[in-house]
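For chain D, the structure is supplied; the task is to place chain A on it using the hints.
There are 2 protein chains.
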Amino acid sequence: MPHKLIRMQRTGDQTPARRPIMLAIAGDSAAGKTTLTKGLAEALGSDRITTICVDDYHRYDREERKNLPFTALHPDCNYIEIMEQHLQLLATGQPILKPVYDHNTGQLTRPELVEPREFVIIEGLLPLHTKLMRACFDITVYLDPPEEIRRQWKIRRDTQKRGYTADQVLAELERREPESEAFIRPQRAFADIVVRFAPIAGRNDPPGTPLSAELLLRPTIRHPDLSGVLADSDQRAIHLRLDRDENGRPVDALHIHGYAPREESQVVEKAIWSQLGVNAGDPPATLGTLDTGERSEPLAITQLLLLYHLLDATR
Amino acid sequence: MPHKLIRMQRTGDQTPARRPIMLAIAGDSAAGKTTLTKGLAEALGSDRITTICVDDYHRYDREERKNLPFTALHPDCNYIEIMEQHLQLLATGQPILKPVYDHNTGQLTRPELVEPREFVIIEGLLPLHTKLMRACFDITVYLDPPEEIRRQWKIRRDTQKRGYTADQVLAELERREPESEAFIRPQRAFADIVVRFAPIAGRNDPPGTPLSAELLLRPTIRHPDLSGVLADSDQRAIHLRLDRDENGRPVDALHIHGYAPREESQVVEKAIWSQLGVNAGDPPATLGTLDTGERSEPLAITQLLLLYHLLDATR
Chain D
1 MPHKLIRMQR
11 TGDQTPARRP
21 IMLAIAGDSA
31 AGKTTLTKGL
41 AEALGSDRIT
51 TICVDDYHRY
61 DREERKNLPF
71 TALHPDCNYI
81 EIMEQHLQLL
91 ATGQPILKPV
101 YDHNTGQLTR
111 PELVEPREFV
121 IIEGLLPLHT
131 KLMRACFDIT
141 VYLDPPEEIR
151 RQWKIRRDTQ
161 KRGYTADQVL
171 AELERREPES
181 EAFIRPQRAF
191 ADIVVRFAPI
201 AGRNDPPGTP
211 LSAELLLRPT
221 IRHPDLSGVL
231 ADSDQRAIHL
241 RLDRDENGRP
251 VDALHIHGYA
261 PREESQVVEK
271 AIWSQLGVNA
281 GDPPATLGTL
291 DTGERSEPLA
301 ITQLLLLYHL
311 LDATR
Chain A
1 MPHKLIRMQR
11 TGDQTPARRP
21 IMLAIAGDSA
31 AGKTTLTKGL
41 AEALGSDRIT
51 TICVDDYHRY
61 DREERKNLPF
71 TALHPDCNYI
81 EIMEQHLQLL
91 ATGQPILKPV
101 YDHNTGQLTR
111 PELVEPREFV
121 IIEGLLPLHT
131 KLMRACFDIT
141 VYLDPPEEIR
151 RQWKIRRDTQ
161 KRGYTADQVL
171 AELERREPES
181 EAFIRPQRAF
191 ADIVVRFAPI
201 AGRNDPPGTP
211 LSAELLLRPT
221 IRHPDLSGVL
231 ADSDQRAIHL
241 RLDRDENGRP
251 VDALHIHGYA
261 PREESQVVEK
271 AIWSQLGVNA
281 GDPPATLGTL
291 DTGERSEPLA
301 ITQLLLLYHL
311 LDATR
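Here the protein sequences line up with chains D and A, keeping their order.
Mapping the first sequence onto full-length UniProt numbering, position 8 (from 1) lands on 8, and the numbers just tick up by one.
Mapping the second sequence onto full-length UniProt numbering, position 191 (from 1) lands on 191, and the numbers just tick up by one.
Keep in mind the hints are simulated off the structure, nothing from the lab.
Quick caveat, the model's predicted, so the values are computed rather than measured.
Each hint should be verified, as a subset may be incorrect.
Just so you know, same-sequence chains aren't split out, so a pair can sit in one copy or run between any two.
Said to hold, decoys possible - 27 Å max Cα-Cα, derived DSSO-like pairs, lysine-lysine:
#1 Lys98 / Lys66
#2 Lys4 / Lys131
#3 Lys38 / Lys98
#4 Lys38 / Lys161
#5 Lys38 / Lys66
#6 Lys131 / Lys98
#7 Lys4 / Lys66
#8 Lys161 / Lys66
#9 Lys4 / Lys161
#10 Lys4 / Lys38
#11 Lys161 / Lys98
#12 Lys66 / Lys270
#13 Lys270 / Lys38
#14 Lys161 / Lys270
#15 Lys270 / Lys131
For reference, chain D alone in the conformation it holds in the complex:
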């Protein structure tokens, strides 16, 4: 029956769809995916970017999951094959009818049409789970906060926004731990960039000091040359160190210090922004905004680097 395939191909749209730049932001629940994504989306503008959360691909709703032997983290609890299919469609510039999971009610509701714009950010628990998914991305990021920090973030969000008690959140974290280990954390090995927001051990910074960031820059994609910027800076705000990752592979470890005076960080940001040569003027002011509304320069610098990669990939 290959004649039918040929007929379908010949009948399809003759002008190839424009292929968007695809960025994956993977990480466990409350690892900071939405905050990171939001700043990028605001910087690029809603007419240039499509953001999708692959947690919408849950196979079961909250009520059904109560009777199942696994949590929402498990691949069997998600339409992995459809995720792969939809990522391929988006990566080739085609629209999808995306399922919708309502985090407030825990129900699956009517799907929605999503058309890929110039940039597509896919964030969620499992966007790097299979080889075919990973093949769909230009840039892959894994968010890797220390578990203690993530626990605090998850309790704050789920009690404030999703109607749970702190005890319920802690019980759920415990229930999910074996599946986090089995399915979520292994994705770290496939990220071009691993981002870890954390306080720096041994320092006694005053309350309100933004978390520092450590970014592992794997040589799987071409990172910007930061040597000029870093030589110019006084190394207080940001520095780069050759290191090995947990698997012994060589990486650049970029440290961005939350305790550095804001002015110094902003000098570094401007220097990166202008050196990257992607645009004139100041870096977008929306970068670095936390979900509390406060500003974090390490977050801003992290987003700036991702913005560089998004814009660089179009060239």
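This is chain A only, laid out in the frame that chain D set:
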């Protein structure tokens, strides 16, 4: 960025999916699509066939449609582009996450996973609307009852099963008529087989006489050679006539008479079944069942012919 396409293709499943045989059954609301489909599905068995109604691809629910300048028949009221995409995916053996429209509540609900089996029947209002959709099918059928008959069927179904009054149904039919003319009926020209169930003009058959069927067999697919069967029969139950369709193109018109004694029709059915050489034994007993539970030999013969085409296409 073609490297990403190559990477996706190389990473994808190496064993090509088995491609199903695809049959379209198009026609206006209450034209008999479900009844025709049901008998075929029962004859082939639920492990061999997938049936899909493309009316599930409504873009708006019943409430939203009240404020729109068109009815559910209008292509703008449906995700045509997604229909095209999903038909292509099914035709190449891939699963889809199909939207679901609940005819009882008029709401769009959670989508469902559909995997194509050996045969896929796509029935609905608009499955032959675009060239790309049509390219996905092996066999295309258009159901074309006289408007007066369809009106009776629609009133009966919508008052009995969907909670409308007869007056509401008649008003809706009137509101839909311009869109029926513009979008539904033009699909007739693209069908390999046009099926018309109707009483025969000029006859005064007693109440309860099954409707006769006229099947236009267009030379766009290879139809079975019926000359032997028809020569053997006494021409009361069934006869074939060379004709022209409404566009002047040559067709075979197969007439199956509802007033013929059941025994004669069944002789013809058995003769067709054995001559088609697709299987031993009697034709499947479920063929010919109307939604009232009564039996119609013209329906059985129509389904038999479609069954022939489905099985023939696998060879």
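Hints and how they fare:
1. Lys98 / Lys66: both (24 Å within a copy, 25 Å between copies)
2. Lys4 / Lys131: Classified as between; 13 Å across copies, 29 Å inside a copy.
3. Lys38 / Lys98: Intra 20 Å, inter 30 Å, cutoff 27 Å: intra-copy only.
4. Lys38 / Lys161: within (17 Å within a copy, 47 Å between copies)
5. Lys38 / Lys66: neither (31 Å within a copy, 35 Å between copies)
6. Lys131 / Lys98: For Lys131 and Lys98, both the intra-copy (21 Å) and inter-copy (25 Å) Cα distances are at most 27 Å.
7. Lys4 / Lys66: neither (44 Å within a copy, 39 Å between copies)
8. Lys161 / Lys66: The answer is within: 21 Å in one copy meets 27 Å, while 34 Å across copies does not.
9. Lys4 / Lys161: neither (50 Å within a copy, 38 Å between copies)
10. Lys4 / Lys38: between (43 Å within a copy, 26 Å between copies)
11. Lys161 / Lys98: within (23 Å within a copy, 30 Å between copies)
12. Lys66 / Lys270: The answer is neither: 50 Å in one copy and 53 Å across copies each exceed 27 Å.
13. Lys270 / Lys38: within (20 Å within a copy, 67 Å between copies)
14. Lys161 / Lys270: Answer is neither: 35 Å inside a copy and 67 Å across each miss the 27 Å cutoff.
15. Lys270 / Lys131: Cα proximity of Lys270 and Lys131: none, with 37 Å in one copy and 53 Å across.
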